[in-house]
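Q: This is what each chain is made of:
There are 2 protein chains.
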Amino acid sequence: MTAKSQKHWSGDVRALLRVGKGFRLSKVDPAATPAYGRSKKHAADDLIAGSDELDELQERLYAQSRMPADEGQEPPSVLLVLQAMDTAGKGGIIRHVVGSVDPQGVELAAFKKPTPEELEHDFLWRIEKRLPAPGMIGVFDRSHYEDVLIGRVRELAPADEIERRYGAINDFEKKLTDSGTRIVKVMLHISPDEQKARLMERLERPDKHWKYNPGDVDERELWPAYMDAYQTVFERTSTDWAPWYVVPANRKWYARLAVQHLLLNTLEELDPQWPPADYDVAAEKERLAAT
Amino acid sequence: MTAKSQKHWSGDVRALLRVGKGFRLSKVDPAATPAYGRSKKHAADDLIAGSDELDELQERLYAQSRMPADEGQEPPSVLLVLQAMDTAGKGGIIRHVVGSVDPQGVELAAFKKPTPEELEHDFLWRIEKRLPAPGMIGVFDRSHYEDVLIGRVRELAPADEIERRYGAINDFEKKLTDSGTRIVKVMLHISPDEQKARLMERLERPDKHWKYNPGDVDERELWPAYMDAYQTVFERTSTDWAPWYVVPANRKWYARLAVQHLLLNTLEELDPQWPPADYDVAAEKERLAAT
Chain Z
1 MTAKSQKHWS GDVRALLRVG KGFRLSKVDP AATPAYGRSK KHAADDLIAG SDELDELQER
61 LYAQSRMPAD EGQEPPSVLL VLQAMDTAGK GGIIRHVVGS VDPQGVELAA FKKPTPEELE
121 HDFLWRIEKR LPAPGMIGVF DRSHYEDVLI GRVRELAPAD EIERRYGAIN DFEKKLTDSG
181 TRIVKVMLHI SPDEQKARLM ERLERPDKHW KYNPGDVDER ELWPAYMDAY QTVFERTSTD
241 WAPWYVVPAN RKWYARLAVQ HLLLNTLEEL DPQWPPADYD VAAEKERLAA T
Chain F
1 MTAKSQKHWS GDVRALLRVG KGFRLSKVDP AATPAYGRSK KHAADDLIAG SDELDELQER
61 LYAQSRMPAD EGQEPPSVLL VLQAMDTAGK GGIIRHVVGS VDPQGVELAA FKKPTPEELE
121 HDFLWRIEKR LPAPGMIGVF DRSHYEDVLI GRVRELAPAD EIERRYGAIN DFEKKLTDSG
181 TRIVKVMLHI SPDEQKARLM ERLERPDKHW KYNPGDVDER ELWPAYMDAY QTVFERTSTD
241 WAPWYVVPAN RKWYARLAVQ HLLLNTLEEL DPQWPPADYD VAAEKERLAA T
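The listed protein sequences derive, respectively, from chains Z and F.
If you're matching positions, the first sequence starts at 1 in the numbering used here and goes up one per residue.
If you're matching positions, the second sequence starts at 1 in the numbering used here and goes up one per residue.
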């Protein structure tokens, strides 16, 4: 990892935030800023530096997809999966991290409560329809993981169906990875107190009232059940091909920098190249000059 | 129009660029910078100032759509239609103007050569499927106008069918406007020489080779035919409810500022408001505090 914007990081963000064997969500401090060696006042500058790198890597990824890939292989794409409790900052990640690259290279999908039509199909049906095309950066604002999170906590499906889904997710993500999509799964982790402060701010500011939903308070009662459901998700679906990253998110500036670096590292590994011309450059210069 | 970023404009951009009676495309200087009183070196700062305003207006538009609109009326949306000859800068508008707002409030649709399935349907079939949802800013990178531009120039449909389409477009856009969508139709106007220089740059820079297509040179031969087709489009489809704007685009910095202002003026007219709470704010504060 040689990114310029990497220089203020004391370690490999991916290694530090990755959910591995023995991971316990309850041991993660949502207010921590692992591996970032600077304070909040430098975060904005560092985010901009990272944005410039991300911008070029995204354009290369897109450009590369315009040429044929190896036999049986799609040109690569990236899929960022965002999961979190309400107010944890998914929207801010989309706006400030993803929003810094060319929107023509991004495909956003926000998954709300399933429609009656969606409920008639397998839970992955609506997900498959929103996968990023080759060369694109896809972003899932919520995802198929809702079906084993709220699905489990609110008992929206029978226990054996919930159980079946972990395996189905792993198979699905494996197939996706094999066909060229790099999956970056992120849980933004805030504390209940931080959520309370953020909800209170929505109640105190008239320009934020529309973001508040009385149901959010009811959902807070279920916090421990959600944390248990996340812990199970991590144990069952943090795989070699699609690991989870838990990003401490009480400090929004840290969470944005960290997710930006997870994306940067993923793209650097893909190392997309400007495709060579599939036409005769010298001949085209002559033709063009003659017009 | 009281926008802060408006202060360096000597006139109403919309009035100046709007296609009205007696408009002749051939009289428009693609290198002009109408109504903008400053030089290129200030353009970047002015674009940023405008971005901040656009950002807030977009968020208000989105927020407003979360509350019910008047009976039989959808909450408003905005649709920016971009048409231009190759290299005129549609991509730059999307990246630098539209890309400055929250991507969660934007729906992009790029219309390429129709698929066989699309060709089996009326030309508006694929268009209707990509209209922006209420509260969103939709952007069409090419549009239904291709069906009366390349469609006419390359004779992709019988003459009477092309003829029918102008009226069909006007009816379609009227219905759309009546149901709450503000349509902003922009043609980015460059000169043939400017296009030549831009294509040559793509041939000279290996990181731009992928953007060059030998067909672009063939299309240049048809320049006068395209200009005629645009002139006819303007005469037949610049309506009171959905007028065309022709934006001189030889200077990219001017075109971006001008389109930004067309969007700003449209949103200022809509004047979207933060929706009031549809719950008891004081009671919610108490409930939240008790958690």
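To be clear, the hints were calculated from the coordinates, so they are not data collected in a lab.
One should not assume that every hint holds.
You can't tell identical chains apart in this list, so a pair holds if it fits in one copy or across any two.
Derived BS3-like pairs (lysine-lysine); straight-line CA-CA distance at most 30 Å [said to hold, decoys possible]:
| # | residue 1 | residue 2 |
| --- | --- | --- |
| 1 | Lys41 | Lys174 |
| 2 | Lys285 | Lys208 |
| 3 | Lys21 | Lys285 |
| 4 | Lys40 | Lys252 |
| 5 | Lys211 | Lys41 |
| 6 | Lys40 | Lys113 |
| 7 | Lys196 | Lys285 |
| 8 | Lys252 | Lys211 |
| 9 | Lys112 | Lys129 |
| 10 | Lys112 | Lys285 |
| 11 | Lys21 | Lys41 |
| 12 | Lys208 | Lys175 |
| 13 | Lys285 | Lys211 |
| 14 | Lys113 | Lys129 |
| 15 | Lys252 | Lys285 |
| 16 | Lys211 | Lys129 |
| 17 | Lys211 | Lys174 |
| 18 | Lys196 | Lys175 |
| 19 | Lys41 | Lys112 |
| 20 | Lys40 | Lys112 |
| 21 | Lys112 | Lys7 |
| 22 | Lys285 | Lys129 |
| 23 | Lys208 | Lys27 |
| 24 | Lys208 | Lys21 |
Q: Indicate, hint by hint, whether the structure satisfies it.
A: Here is what the structure says about each hint:
| no. | hint | result |
| --- | --- | --- |
| 1 | Lys41 / Lys174 | neither (40 Å within a copy, 51 Å between copies) |
| 2 | Lys285 / Lys208 | between (55 Å within a copy, 14 Å between copies) |
| 3 | Lys21 / Lys285 | neither (57 Å within a copy, 41 Å between copies) |
| 4 | Lys40 / Lys252 | within (10 Å within a copy, 36 Å between copies) |
| 5 | Lys211 / Lys41 | within (27 Å within a copy, 39 Å between copies) |
| 6 | Lys40 / Lys113 | neither (35 Å within a copy, 48 Å between copies) |
| 7 | Lys196 / Lys285 | between (63 Å within a copy, 10 Å between copies) |
| 8 | Lys252 / Lys211 | within (18 Å within a copy, 37 Å between copies) |
| 9 | Lys112 / Lys129 | both (14 Å within a copy, 20 Å between copies) |
| 10 | Lys112 / Lys285 | between (51 Å within a copy, 26 Å between copies) |
| 11 | Lys21 / Lys41 | neither (35 Å within a copy, 55 Å between copies) |
| 12 | Lys208 / Lys175 | neither (41 Å within a copy, 33 Å between copies) |
| 13 | Lys285 / Lys211 | between (55 Å within a copy, 14 Å between copies) |
| 14 | Lys113 / Lys129 | both (16 Å within a copy, 22 Å between copies) |
| 15 | Lys252 / Lys285 | between (50 Å within a copy, 23 Å between copies) |
| 16 | Lys211 / Lys129 | both (28 Å within a copy, 28 Å between copies) |
| 17 | Lys211 / Lys174 | neither (36 Å within a copy, 33 Å between copies) |
| 18 | Lys196 / Lys175 | neither (39 Å within a copy, 45 Å between copies) |
| 19 | Lys41 / Lys112 | neither (35 Å within a copy, 45 Å between copies) |
| 20 | Lys40 / Lys112 | neither (33 Å within a copy, 44 Å between copies) |
| 21 | Lys112 / Lys7 | neither (38 Å within a copy, 42 Å between copies) |
| 22 | Lys285 / Lys129 | neither (42 Å within a copy, 40 Å between copies) |
| 23 | Lys208 / Lys27 | neither (32 Å within a copy, 48 Å between copies) |
| 24 | Lys208 / Lys21 | neither (40 Å within a copy, 45 Å between copies) |
Of the numbered hints listed earlier, those contradicted by the structure are 1, 3, 6, 11, 12, 17, 18, 19, 20, 21, 22, 23, 24.
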